[in-house]
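A.B. asks: Go by the hints and put chains B, C and D onto chain A.
One-letter residues, chain by chain:
There are 4 protein chains.
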Amino acid sequence: MSFPVRVCALVGRFADPRVAESAGALVPHLAARGVRTLVADDAPLEPSRQVERVPERVFGQRADLVIAIGGDGTLLYAARLVARDGVPLLGINRGRLGFLTDVMPQDMLASVDAAIEGRCEQDRRALVTACLRAASGKVEAESVALNDVVLQKLATGRMLDFETWMDERYVNTHAGDGIVIATATGSTAYALSCGGPIVEPRVGVLVVAPICPHTLSDRPIVVPATTRIEVRITERPDTRAQVVCDGAVLGELVAGDRLEVKAARESVTLLHPAGHDYFNLLRSKLHWGRGGHDHSR
Amino acid sequence: MSFPVRVCALVGRFADPRVAESAGALVPHLAARGVRTLVADDAPLEPSRQVERVPERVFGQRADLVIAIGGDGTLLYAARLVARDGVPLLGINRGRLGFLTDVMPQDMLASVDAAIEGRCEQDRRALVTACLRAASGKVEAESVALNDVVLQKLATGRMLDFETWMDERYVNTHAGDGIVIATATGSTAYALSCGGPIVEPRVGVLVVAPICPHTLSDRPIVVPATTRIEVRITERPDTRAQVVCDGAVLGELVAGDRLEVKAARESVTLLHPAGHDYFNLLRSKLHWGRGGHDHSR
Amino acid sequence: MSFPVRVCALVGRFADPRVAESAGALVPHLAARGVRTLVADDAPLEPSRQVERVPERVFGQRADLVIAIGGDGTLLYAARLVARDGVPLLGINRGRLGFLTDVMPQDMLASVDAAIEGRCEQDRRALVTACLRAASGKVEAESVALNDVVLQKLATGRMLDFETWMDERYVNTHAGDGIVIATATGSTAYALSCGGPIVEPRVGVLVVAPICPHTLSDRPIVVPATTRIEVRITERPDTRAQVVCDGAVLGELVAGDRLEVKAARESVTLLHPAGHDYFNLLRSKLHWGRGGHDHSR
Amino acid sequence: MSFPVRVCALVGRFADPRVAESAGALVPHLAARGVRTLVADDAPLEPSRQVERVPERVFGQRADLVIAIGGDGTLLYAARLVARDGVPLLGINRGRLGFLTDVMPQDMLASVDAAIEGRCEQDRRALVTACLRAASGKVEAESVALNDVVLQKLATGRMLDFETWMDERYVNTHAGDGIVIATATGSTAYALSCGGPIVEPRVGVLVVAPICPHTLSDRPIVVPATTRIEVRITERPDTRAQVVCDGAVLGELVAGDRLEVKAARESVTLLHPAGHDYFNLLRSKLHWGRGGHDHSR
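Protein chains in written order, with our numbering: chain A, 800 to 1096; chain B, 800 to 1096; chain C, 800 to 1096; chain D, 800 to 1096.
These aren't lab readings, by the way, just hints derived from the structure by calculation. In this text the structure is predicted, and so the values were computed from the model without any measurement. Among the hints, erroneous ones may be present.
Any copy, or any two copies together, can satisfy a pair, since identical chains are not distinguished.
As the list claims (entries may be wrong) - SDA-like, lysine to any residue: derived pairs with alpha carbons at most 20 Å apart:
#1 Lys-1084 <-> Ala-814
#2 Lys-1061 <-> Phe-1078
#3 Lys-1061 <-> Arg-1035
#4 Lys-1061 <-> Arg-1001
#5 Lys-1084 <-> Glu-962
#6 Lys-1084 <-> Thr-972
#7 Lys-1061 <-> Gly-1003
#8 Lys-1084 <-> Leu-1015
#9 Lys-1084 <-> Glu-941
#10 Lys-1061 <-> Leu-931
#11 Lys-1084 <-> Pro-1072
#12 Lys-1061 <-> Arg-1027
#13 Lys-937 <-> Pro-904
#14 Lys-1084 <-> Met-965
#15 Lys-1061 <-> Glu-916
#16 Lys-1084 <-> Tyr-969
#17 Lys-1061 <-> Glu-1034
#18 Lys-1084 <-> Trp-964
#19 Lys-1084 <-> Ser-1016
Chain A extracted, bound-state conformation:
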């Protein structure tokens, strides 16, 4: 991360009035501090001399900082844009606290100042790479993910059958709705809804959590982040499955195809205002410790 920050890219769904409002407040604030602002060339924002429109794909090379305004989905999108280039990200929530967008609107300007002056806590998060490989061995699609890679059944009333392999060793044969392979960061997203544990972000592991498994003892497994995970679709007629990375569809698999997931070379750096506390975030997001329990149960 280079300081001071001279160029900042804004990412968000600007069609949402709350996001547009935050962007509207942010652009002159950045300009007044001598920071240039980039937005996507097709962003639905009013023209302004303080904003330069460029293709999103150059954010990685041009920006010193990315500010994602919206929910966690927006930050996940932004993270994939700049993962290769190591540009740090600051997440501004548009109203409700997110696991990744942990700056509240009222704290936006102060947090942005802290980010451009290098006063934020830097929080490095591991990424994974997902790769779809056809039965022929050909790579069909590839993507990185910060939260999770999800294999799910596609448009059918039936269960999906698949095998999991780790570092070339056979693990299990599953039947169910699919499987989530989550980073520590993604443990509080989809994997949590599948019965997976909360994983402190700095722990170097992956959570492999079956989705609605047919076998009740088919429980989430925590493995080292260096594990190479392979999911093989079992040969059955009419089998179709979909792979989704951080909420974006990567592609489809049919019987015989494979999904491969492993640690990515890249990582992303999240910026947090000083005093950031992960457990405080958990307590807030999960409604923990709400007042006196009634001890009759």
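C.D. replies: Below, chains B, C and D without anything else, positioned relative to chain A:
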């Protein structure tokens, strides 16, 4: 149910050699007892003078008994064929015990004899009716189900948002992969994978179980079988959901559409050999009580 | 229930200043309406001519209405005092909404007026009877319960082994921390923490939920409320278990002893202010439907 | 580990005839290979010149190898005896495969030969230290554990209230039956029954899993194995809790007392025959992948 049985319909995936083999043994056995056998006119079975080929839709009017050979999916299919006419069903499993197909292959002939002579236990099971209603109020599709009616997200990386209403009262707003509305019979099918309870089949209730809910306290609810349940898809762009009854796709819903589920007027009668024990079936299917536990945990 | 109410018993932990304060406001209010107030003879309340002190055990015969002030535990205690006599109960919460004490402090006087004038909704709840039977067949202890009967391991690092039987039929052999047998009313108490479903209060069932079972497929079962449930402690050296009814210890069991649970002849009548909505209570207690979900998961 | 092995200690419940039988076969086998055998001085084994009786506490200094015969509980007991001295352990199961005692009786002699000749796979497992500290700061009891440290409510119908702190940071306030702090090794023991994940043994983490928590979002957390965890009993009258390490009672806590858990300096080395496969063990213990699934669900 009329005794003695004079006409029997066979239902199964006869392309499966094990199913064809069972059918091959069953047909002459029925003929020798003076029972006529019906099969679907497109069934991939060898021609035989002992078998009459008719459209499946007339099984309900013509047969005194339906024998389903295969897994539970085959019996669910057969049950919907004859639900309106009240024809009883006997389920022959092709190898592994099912919750519904509880006659093992080696007991097939003896159990069929018991069924045609009226010596089986009659086990009446409730059905539900699912109805897809467009925002305009128009009924788009309708079906009965013996196990469950499932609303699920369709081909997208995002969660589905929907509301549940019961007997016109608002219950909850959900975000997740969908929801299962199961009969007592279906409680051990998909709903169990969603964290629902096992419900003894004679209990007159429905289980309403969210699928991978975003909110961890969004737990399965057990309500009277007479409850009229409505699921309303929340208005959001690009929302698509699918409704599946007993594993068969009923149709799709978009934002504003509704799924209505209520007790059906019809019921189905399952036949079991004497000595049938539901808890024994549970123990077998769920691998309960396997040998000495190691008390260190 | 006899109207108009002439005698009302107050139950609560009056040593708690908030409970004493509510009682202090309630007594003159009742007196002004011509209703006599009974409290337990050992209640730590200031002497008052408006209050008659009697043994709690006569509340059932003397009172037309019981008002429980506190949490759900207080109402459970009061319910067992008067279950035999069918005196209705009104539950005033001392601050946080309870599943059973659903009148908020600020609504206390209006709700009490509604109760004494017969304008409340009457909500009949089933009770169960728990009976501890020694290996010799002797009944060691007996109690009714409105929420649940819990068998739990006692002061040991080891699991408890036990069998469940229903209506004289063997169900399963369990290893774990114990088992909860809950009414529909109690489904949202301890049983919910054990993975049991929420059961609408008017459903006539029991939930039988193992506590931290060793076998992951050992799931909660929902059975008709008329089921006679028996739990038999397996013969093992040093086995000790405890039975708790609605939070109160009933007694201990050793290897060979049995716990029997069945529907009680008695029931209790809870009074609710008009407009009471069970699903609203659930939404409030379980933090359901809190604002916009972030759809990235 | 020193090779070749010259002194071997046997640990087991020799009052169990199956354990005594295995020991009876093992002692002459070891003697024939020139290995001396130690047993506890109070072991109920027949006198033999091939066996030296010593206090168990000297096993650590005198033995080159410990052979635990029985279930996982026996190996846990043996591991604590020799943890300080780093003596490796071989676990012989007396009939059913264990997570830790993974040598089947029929393979005992071959596996023991492999162990004494240094041909076994060495599998190093982390331990934790549990410390009970009174409100005064005084250490009341201390122990290491290989599987887990459990804080549980003691003999009462009420929930336990406690706070968790990690590395001096406040995490959560819990109400429930207690909490399990498990190593990766112990993740498949009690923690699994509490909804915790399976953790591959080589992952350096702890699983902190609440037992039947009152709050449904109070989920298991995975933290680095280096985390210092503190559990503080909340001030409430009559609160009593018990701490159990690997199934053995360590002591009691009252309101204001603390349980501290952190990585131990010691570790234990488990020996496995060549070809040992953790996932194979999981598949066997958890009944995974049993034959064809019925795809109707």
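A.B. asks: Out of the numbered hints, which ones does the structure contradict?
C.D. replies: Those not satisfied are hints 1, 3, 9, 13, 15, 17.
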